[in-house]
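Colleague: Taken in sequence, the protein lines are chains A and B.
Taking full-length UniProt numbering, the leading residue of the first sequence gets 1, the next gets one more, and so forth.
Taking full-length UniProt numbering, the leading residue of the second sequence gets 1, the next gets one more, and so forth.
Don't read these hints as lab results, they were simulated from the structure.
Hints may contain errors.
Claimed, not checked - Stretches of chain B that chain A covers, calculated by requiring three or more beta carbons in the stretch to come under 8 Å of a beta carbon on chain A:
id	stretch
1	23 to 29
2	116 to 127
3	131 to 145
4	193 to 204
5	209 to 215
Glycine is no exception: its CB is placed at the ideal position from the N, C-alpha and C atoms.
2 protein chains.
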Amino acid sequence: MPLLSLFPLRVPDLTMRRLLLVSNSTLHGSGYLDHCQQQISDFFGKCSGVACRVLFVPYALHDRDGYTKTARDKFRTLGGGNTFRLLKSLYDNQVVSEIRKRVLEDGVPYMGSSAGTNVATISISTTNDMPIVYPPSFAAIGLVPFNINPHYIDPDANSRHMGETREQRITQYHEEVDTCVLGLREGCMLLVEGNKATLLGSTNARLFSRGKPRVEYNPGSDLSFLLNDAH
Amino acid sequence: MPLLSLFPLRVPDLTMRRLLLVSNSTLHGSGYLDHCQQQISDFFGKCSGVACRVLFVPYALHDRDGYTKTARDKFRTLGGGNTFRLLKSLYDNQVVSEIRKRVLEDGVPYMGSSAGTNVATISISTTNDMPIVYPPSFAAIGLVPFNINPHYIDPDANSRHMGETREQRITQYHEEVDTCVLGLREGCMLLVEGNKATLLGSTNARLFSRGKPRVEYNPGSDLSFLLNDAH
């Protein structure tokens, strides 16, 4: 009997994991998913020669049928919409653990943008969305051991608006927990292949670690260290 | 025996209610709470001649002692900071019902700005803040029968940012429930005296009602109709 069977929980082989976590679906001045079309093609092109079927999760928008049609037409893939609604529906339909299992244990590729990126991380605590519905937890699918802020935006020096900046909001999060937050500016995305993580796209990402200076990363940067729980 | 004692819940006399709900603590180009100083003075000046004591709730910021000191120094009053943290702490300290009772039944004046305004309404579902902690509910103190979006901001026609506009987020909320949302732009505030509500300040508010056109209100507008549950 193998040693592993002594343990009630199977330890997933994370080398199977394949994720493409995109900041945003539309980039200013270009069409829908244009900015990440090549990366999507590369990502799903590696489906081992079998006909590639995509499970689309339309829970984040109210009109699920319309959203699904848009997705089918435009290969919208996973994500976009309101993060609270998406996560609550994933819990209501009891698929959070199933998605985690399929992605981490069976190597099913996962792609999300915006809300779909938020729910792939540790928690939705760094979403920008309004809490329009109450999910049973802010804990998310947990495909990576850190959080992401999609649509990350730098303060506008000319703005007269006095609401908190995105950075101030992330600082408030770090007053509560020490989970790293990767701020993905519109135009960039994170590719995770097993234990390797790479920043792709046309814009920089900014990493927020509790009590440490913020660090900027260019497209092409190796961010595999973020996949280490101990980071 | 009076008829009222047949009922387990005392029906509050809402003519006692006195609220000052401010969009923001600081307005661009002016000092802290300067933009609503006169209204605050008028609001607390009506304290029936007794020495006016203010209960300050510092739960919305991490450094409660520092925040309280700032409040004492500058008369910061209730509110500001992260709405999720404020509401969770109100629940953790079991003061949600007590504040509701004191304000609605005993006529204790309530002033809040930003987060302090959010928690005074039906729910925090139209906050702009990040969900950095998980409160036991999004239901708030319920001093008024509608929701407010503080720091309401119009779309910037020159922005290249593709995240949802504030109006789009409120529309998502109205896909879930039909509670009215009053968008308080920075610089305005709502004064509630009994069953009368008046918009004060220097900027307009925008009212969002599910399935109806948005309506703009100038300072001085009578918004008492919002206090009618049936609205």
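Colleague: Would you mind marking each hint as holding or not holding in the structure?
Modeller: Results of checking the hints against the structure:
{"no.": "1", "hint": "23 to 29", "verdict": "holds (count 6)"}
{"no.": "2", "hint": "116 to 127", "verdict": "holds (count 4)"}
{"no.": "3", "hint": "131 to 145", "verdict": "holds (count 6)"}
{"no.": "4", "hint": "193 to 204", "verdict": "violated (count 0)"}
{"no.": "5", "hint": "209 to 215", "verdict": "violated (count 0)"}
Hints 4 and 5 from the earlier list are contradicted by this structure; the remaining hints agree with it.
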